[in-house]
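Trainee: Residue-level listing of the chains:
2 protein chains.
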Amino acid sequence: MIKKYLLAPGPTPVPESVLLAMAQPIFHHRTPQFEALFAETAKSLQGLFKTAQDVLILASSGTGAMEASVVNTTSPGDRVLVVNGGKFGERWGKIAAAYGLVVDEIKVEWGTAVDPAAIAKVLKAHPDTKLVLMQGSETSTTVLHPVAEVARITRETGTLLVVDGITAVGVLDLPMDELGIDVLLTGSQKALMLPPGLAFVALSEKAWKAVGASKQPRFYLDLKRERDNQQKHTTAWTPAISLIFGLHEALRLMFAEGLDNVFARHDRLARATRAGAEALGLTLVAPTAPSPATTGIYLPAGVPGKLVGYLRDQVGITFAGGQDQLKGRICRVAHLGYIGSFDIVTAMAALEMGLAKFGARLQLGKGVGAAQQILLEGMPAAPAA
Amino acid sequence: MIKKYLLAPGPTPVPESVLLAMAQPIFHHRTPQFEALFAETAKSLQGLFKTAQDVLILASSGTGAMEASVVNTTSPGDRVLVVNGGKFGERWGKIAAAYGLVVDEIKVEWGTAVDPAAIAKVLKAHPDTKLVLMQGSETSTTVLHPVAEVARITRETGTLLVVDGITAVGVLDLPMDELGIDVLLTGSQKALMLPPGLAFVALSEKAWKAVGASKQPRFYLDLKRERDNQQKHTTAWTPAISLIFGLHEALRLMFAEGLDNVFARHDRLARATRAGAEALGLTLVAPTAPSPATTGIYLPAGVPGKLVGYLRDQVGITFAGGQDQLKGRICRVAHLGYIGSFDIVTAMAALEMGLAKFGARLQLGKGVGAAQQILLEGMPAAPAA
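Line order of the protein sequences matches chains A and B. Take this note's numbering: the last position of the first sequence gets the number 390, and nothing is skipped along the way. Take this note's numbering: the last position of the second sequence gets the number 390, and nothing is skipped along the way.
Just so you know, these hints were derived from the structure itself, not from any lab. Treat the hints with caution; some may be incorrect.
Because identical chains share one entry, a pair is satisfied inside a single copy or across any pair of copies.
What the hints assert, rightly or not - Cross-link-like lysine-lysine pairs, in silico, DSBU-like; alpha carbons within 35 Å at most:
1. K237 / K126
2. K8 / K55
3. K92 / K8
4. K214 / K126
5. K8 / K362
6. K311 / K129
7. K332 / K311
8. K9 / K311
9. K48 / K129
10. K214 / K55
11. K129 / K99
12. K332 / K8
13. K9 / K220
14. K9 / K237
15. K362 / K126
16. K214 / K112
17. K332 / K112
18. K8 / K126
19. K9 / K362
20. K8 / K311
Model, not experiment: these values are computed from the prediction.
Required output: the full structure, derived from the provided sequences and hints.
Mentor: Set out below in structure tokens:
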């Protein structure tokens with residue numbers, strides 16, 4: 006008997022009440038019943054993005070929303086700046102190339118955050134840059150990029166700031182309008198605690214102006230057409246109905262907890278994970294700019310990358326491994342979405358026990374104890390005697 | 006956001022595949038379809054009880070099966086011997102009294118097991134004793150009683166040994182026919198990993214002879230009538246259909262794991278829990294005869310019984326408290342049914358953190374680490390490099 010624990014940075018565990026909401030009988034989407042549900046859900050999404058703009062719901066993975074961000078705001082031959090500090094930054098470059106854009110790239114050392122001054126420098130050299138394409142949280146390197154600082158630069162220019170918030174929205178506070186993010190997007194299977202299948206994207210006024218001028222070919226991902234429909238509480242194409250049932254419930258859960266509490270929980274779980282790893286003498290992948298969504302940990306000398314597969318297949322604990330140059334060298338422990346204190350206790354205990362099985366010398370319970378010390382912050386005080 | 010963990014000695018967590026089995030559309034019970042399912046399920050129950058006798062399925066809680074055991078095998082005025090070492094032993098006495106039986110009682114100090122010699126002595130003094138009524142595992146005191154040794158005594162006499170196996174069947178090996186248990190019963194919401202609502206009871210040949218002579222009034226709990234029906238793969242009264250869907254799946258899971266592995270898992274989780282408690286300097290309620298189903302732990306001086314309610318309501322961890330003279334003094338951590346290694350890690354971490362919140366001085370992670378050391382036994386060896 007192996008119980009399964011999903012502690013990878015997406016898909017993340019789905020709460021029971023969301024599963025039940027998605028299990029309700031499908032009803033037709035061209036109905037007042039669906040439109041009412043859709044309207045309520047879209048309004049909650051605005052609260053989550055902290056924007057007065059429409060947050061469009063797409064039946065796609067997060068990559069669909071990344072592509073939509075590019076194809077709706079550019080024309081072939083336009084210049085864009087890609088912040089490439091990992092696998093997802095790299096993806097921005099691939100999408101831009103697929104649509105005939107001229108790509109400037111800032112290569113960021115894996116495990117570190119982009120320096121906003123480097124972005125300012127490129128924009129000064131190339132004031133015709135249409136988009137800055139970056140991640141809020143770069144999942145592959147477990148790095149948090151300084152979105153607010155970058156927005157402070159772009160909002161003084163004609164350049165649009167496009168933020169892939171796939172492991173950032175709902176994890177930390179990223180108030181779109183206040184910061185001046187021009188395009189913010191995310192997917193369903195991360196902090197939104199849903200299965201994969203939905204993506205969300207919102208555009209600033211400045212970005213919508215660019216949509217008007219854009220000459221990229223597009224059809225399924227045509228955001229203007231989506232907005233026209235969604236302002237009437239329906240979608241251009243068939244929506245993923247059951248996922249929207251789930252989305253409605255997931256947003257209800259997030260607002261019931263309170264967004265500030267949601268953000269504080271993610272921060273606490275991330276700090277506990279880092280404290281646990283450090284107590285075990287392990288090295289963090291992103292010590293200076295760690296993401297609150299997921300923590301990358303270098304495996305100690307002598308422990309092979311197959312630890313991750315062993316824990317997943319033989320112990321029931323799904324962490325993520327590393328990609329490209331980090332392949333086989335790290336383990337990524339995620340703590341976003343429907344994750345609580347005892348998931349971190351489980352993660353740390355499993356990591357310790359897995360390392361022990363692979364011959365690492367460590368004191369069982371030491372990492373757990375260090376994590377517990379921080380997790381205590383999330384427990385209410387004991388009642389008076 | 007509070008995730009819930011059910012770590013009380015029943016109801017226990019229900020596996021996802023069992024929940025899904027129970028969610029399938031109801032079909033009618035007087036059909037070949039139901040009879041086929043019922044026949045297969047009843048056969049698996051015989052494998053679990055390790056008996057060639059019919060294991061009857063009742064739509065009742067475990068107490069219904071306790072009462073059935075008494076009313077089908079006695080007549081008013083009969084003499085019975087009750088082993089009373091806790092709340093459930095006490096219940097045997099109440100049932101016997103309700104049916105006009107003459108009750109001898111062996112009072113067993115809470116936290117200790119019955120001495121088989123004491124039973125032998127009473128049976129020698131009163132050879133007309135019809136039943137010995139005992140628990141396999143006394144949940145209220147977390148004690149394991151020596152059923153095999155008691156059976157060795159009763160099987161040489163005309164007395165029937167009736168064992169409440171509610172937190173024993175499926176937890177440890179209790180081979181009914183081999184040991185010579187005359188009546189063995191259990192409920193659905195313990196090691197069988199189901200919601201409450203079903204009970205199971207099997208009778209030896211010797212017990213069925215007593216059924217023939219019994220003059221107690223009975224109707225719903227008439228086991229002869231049930232046997233006549235269940236041998237035809239149906240039930241005397243309307244069965245709890247969805248629970249039987251779940252039972253079929255739960256038994257499939259248990260046999261897929263392998264009964265020996267199920268028993269070894271319970272033993273390992275129990276030893277880990279005890280090791281964790283002892284590493285924290287806590288005192289066990291039943292140190293000499295601990296049950297593999299649940300571990301009773303005395304709260305340290307200065308920590309009030311409200312720890313249990315605090316962990317349940319404010320942290321999401323449901324342990325059981327104490328009853329009667331143990332009320333407010335102990336915490337019972339259950340480890341039966343759909344419970345794995347990381348549930349014990351969670352239990353121990355929560356206990357440590359709860360104690361810390363109530364001002365106990367302890368090293369966080371110390372109990373967890375001691376538990377982990379034993380839980381490592383349940384993890385496969387790491388693959389070769």
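Trainee: Against each hint, give a clear statement of whether it holds in the structure.
Mentor: Against the structure, the hints:
1. K237 / K126: Answer is neither: 42 Å inside a copy and 84 Å across each miss the 35 Å cutoff.
2. K8 / K55: between (37 Å within a copy, 27 Å between copies)
3. K92 / K8: both (30 Å within a copy, 32 Å between copies)
4. K214 / K126: Within one copy only: 25 Å inside, 95 Å across.
5. K8 / K362: both (19 Å within a copy, 29 Å between copies)
6. K311 / K129: For K311 and K129, neither the intra-copy (46 Å) nor the inter-copy (64 Å) Cα distance is at most 35 Å.
7. K332 / K311: Within one copy, since 10 Å is at most 35 Å while 48 Å is not.
8. K9 / K311: The answer is both: 18 Å in one copy and 32 Å across copies each meet 35 Å.
9. K48 / K129: neither (37 Å within a copy, 79 Å between copies)
10. K214 / K55: Classified as within; 20 Å inside a copy, 76 Å across copies.
11. K129 / K99: Within. Shortest intra-copy distance 24 Å satisfies the 35 Å Cα cut-off; inter-copy 88 Å does not.
12. K332 / K8: The answer is both: 26 Å in one copy and 33 Å across copies each meet 35 Å.
13. K9 / K220: neither (47 Å within a copy, 52 Å between copies)
14. K9 / K237: neither (41 Å within a copy, 39 Å between copies)
15. K362 / K126: For K362 and K126, the Cα distance exceeds 35 Å both inside one copy (49 Å) and across copies (52 Å).
16. K214 / K112: Close inside one copy (29 Å), not across copies (85 Å); limit 35 Å.
17. K332 / K112: within (19 Å within a copy, 64 Å between copies)
18. K8 / K126: neither (51 Å within a copy, 47 Å between copies)
19. K9 / K362: Both: 19 Å inside a chain and 30 Å across chains, each within 35 Å.
20. K8 / K311: both (20 Å within a copy, 30 Å between copies)
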